[in-house]
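Protein chains in written order, with my numbering: chain A, 35 to 387; chain B, 1225 to 1786.
Read the hints as simulated data drawn from the structure, not as lab findings.
Keep in mind the model is a prediction, meaning the values are calculated, not measured.
We put the CB at the ideal spot given by N, CA and C, even for glycine.
Misleading hints may appear alongside valid ones.
To be verified - Here are some chain A residues pointing at chain B (derived, C-beta under 10 Å):
hint, residue
1, S65
2, A67
3, T68
4, Y104
5, F112
6, I179
7, L191
8, K261
9, L318
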Amino acid sequence: MFQRWKDSITPTDIVMWMIGGSMLLMIVWGSVATLVEGKYTGRHWVDFVIFGLAQGSIYALIATGYTMVYGVLRMINFAHGEVFMSGPFTAYYAAAAMYRTDFLDNHPFMALMVIFLVAMSVSTTIAFFLEKVAYRPLRGAPRLIPLITAIGASFFLQYLFRGLYGSGVQAYPVIKVLEGQWMIFGIRILKFQVVVILAAILLMVGLYSFIMLTRVGKAIRAVSEDKEASALMGINVDGMISTTFVIGGMAAGAAGVLYALMFKQVHFFMGFIPGIKAFTAAVLGGIGNIPGAMLGGIFLGLIESVGPSLFLDGLGIPAPYQLKDAIAFTMLVLVLIFRPTGIMGERLAVKKA
Amino acid sequence: MTHARSIWNNGVKTGIIGGVAVLIISLVGMVVSFNRRDIIFEFIAMGHTLLLMTGILIGYTAAKKTTATTTMVKCFNAVVASLVTFSFLALLVIIGNAVNLRAILVNASPMLYKALTLGHHDSAAGIFIILGIGLLCGICAAVLYSVPTAVRRITITALCSVVIAGVLQDLLRPVLLAWGPMSVISDFLFAGNGLTAAGALTVILVIAGIMTVWNFKGDDVKENYQHFSGGTQRGIKIGAFVLLACVLLILPQIVGLFLSEVLTIVGLYVLLGLGLNIVVGYAGLLDLGYVAFFAIGSYVTAILTSPELGFFALNFWQALPFAVLVGICFGVLLGIPVLKMRGDYLAIATLGFGEIIRILVLSDALRPWLGGAQGINKIGKPSLMGYEFSQPQEIYYFILAGCLLVVFISMRLKDSRLGRAWMAMREDEDVAQAMGINLVATKLLAFASGAGFSALSGAIFSAKIGSVYPHSFSVFISINIICLIIVGGMGSIPGVIVGAAALVGLPELLREFADYRMFVYGAALVAMMLLRPEGLWPDVRHKMELHKDESVAEEPQVSTAT
């Protein structure tokens, strides 16, 4: 027994564990030091956590799109961040028009519905045509080719929207109802954060039940298991792939509006960073796995918001918040060292990826 | 009735695609801003040329795609497609005159309508002008379709060369002017902000003449070459090589300062591309964080040579080996954690490394050592026997030497035992391992050699610029390098050079249209992958893989050229 165990360990494994272990050690040490130092009070931590949850649930929504597309096509849809951007950027004009006519403040719920509708339909359209024009002709091509196509499509869409709507940053109108705070269980929470988290949870539950409970969802799962076999079973594979893009586009559009509510601005480049983060989240959770993507998104959001203060402040590093992305990516590498297929990764990652 | 519909069905469908394309071209502002430059002076502007070319292309595509057998129907479809395409623009003008689109679409300006209707935007005549132009495009496309292939090819090449000459006029003119006797040619060819009519005609005739001669004699020449003895063929090859070397050597002296600068940038990307080509092209490891090693090379050089930080004060040549060495060490170091990851997991982990390095360099935490956002200045310039490389024209030689060295190493590596191990690993890791290849060592060697090349180009880069900033090392550099490798042809050394010239050189040359640079870049990447996935100058083996089923290379179907 011991002998077998000994044989299966290679020097590289030991080096990897040493790297991973030392990183973990630093994280633990930093956290303990920060907590002992007591620079932040409980209120701070709660704020960090709630902000992280809100941000993370947006990542999670985008990540589901990445992960579903990966599931059916085994490709990184690099342009997904642009699908995310297109919705709220277009919906900005609806929001601004409603703001001018005071509709936004008089009927905030209706107005929000309109914004969501516009954003989701634009994102969905973009995702649908993206698949049809750019990816469909490439079925069966070597893996790097769709990746480059996706990168190209990403640039194209970014600069298309820049050309159409201009390169400036547009400030999203403030919705008065969502300003201010609520007290929940004695914790003060900003209203829009509550809305973002609730809306994201609602959407994710809806999305997950659609995939798990409906016939179409079952068909999509079948296609992501095995395209040929599902075609033989009478499933319209191309149709299901389109549907996947449509659903991913809807989730991304909705996530875009939540993002706009949170950061109150839109511009043509806003999709790039969240896109990469969401992709990271999808990989973190185990790419191709929907609950994994959601979990990965929330985990990433939390780490980004709590991590810098918790891990680095105690080590005496100045301006730790600048390093939040470095922490997020370090976490990713750390997770992948110990679980090369992500937190909830499955067998498909081992062979097919 | 149904029969009549089915006849032009294809034309209408293609026309709608074309219509969306011209709408996008107009609404992102390309027409207006390209119109500032004329292709032929006071005759046709660049924006209009773009629209005309799209119209003709769409008409031609429609004719080609139609299944009908008679030429008549095909030509009819071409006309229909072009008309439909341009009717979108007519619709835009009508709507634009009625509603103020500018509140949302910033480029839907009166200027655009004026450009589209040739100045008649406020009368009905404008609509008819647009449709008339559409008709004209359709007829041109139909004529192009019905003439014999040879004639078509000659016509298209000749017309395209005029367009290219017009687009690149700002580059051609200084080059021609710099050489005393050539300035006469420049005066003859160019006037105002475009070609002269006579100049354009000359270009058309000359190119058409050359093409015609090649068309009829080209096969003879090729055949003659085949008949030469092995020695002579070798001689010709060596001659061509020497000629190429001479051209490369005197190039910066001919083309002037700006073009030399562009050449140095292309050269740097060739260096980077060749390094990544080992990792991605040979070994099949998708590395999206390649810029990390570039940054490491630059920063090591900067720290070692810059007096600003005051740690060391080596000269460039002393710092160079350290830069490469540190790069290689980091290649191994960052390679170890990702040894077990495959495919997209590897991609995102390496992307993470790239970002981590950039963020660390940018952060205040490491500012005393790495300079933070302000970067490091006063990096030592390389000098050789008292001669300092500082002008782009001098740096060019320096980079050229680097490129030649790296090309040589790459070529030797490709067919070496290690190179074959990399390619085996690319095709199937498990099988490669079963064949006795040590995956760990092979992978780490790939990462290390790629990182070494990257660090080398980083060192040269920092010496060229004279200062390093964290912002020079964004993830876009990595993405750009990946793209140039794939566009050039994966695993192919000349492919990397062609790819760098196309994806880095061309955008630099067309800097004046910087607003649309990324737009066109993105569209070109997509079109390229759809039409020619094997790349511009593919590796033979890779090409065979992509065209397994096709015995004859078909002409690609142009369907989504936007």
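Sort out which numbered hints this structure fails and list those numbers smallest first. Result: hints 1, 2, 3, 8 break, sorted rising.
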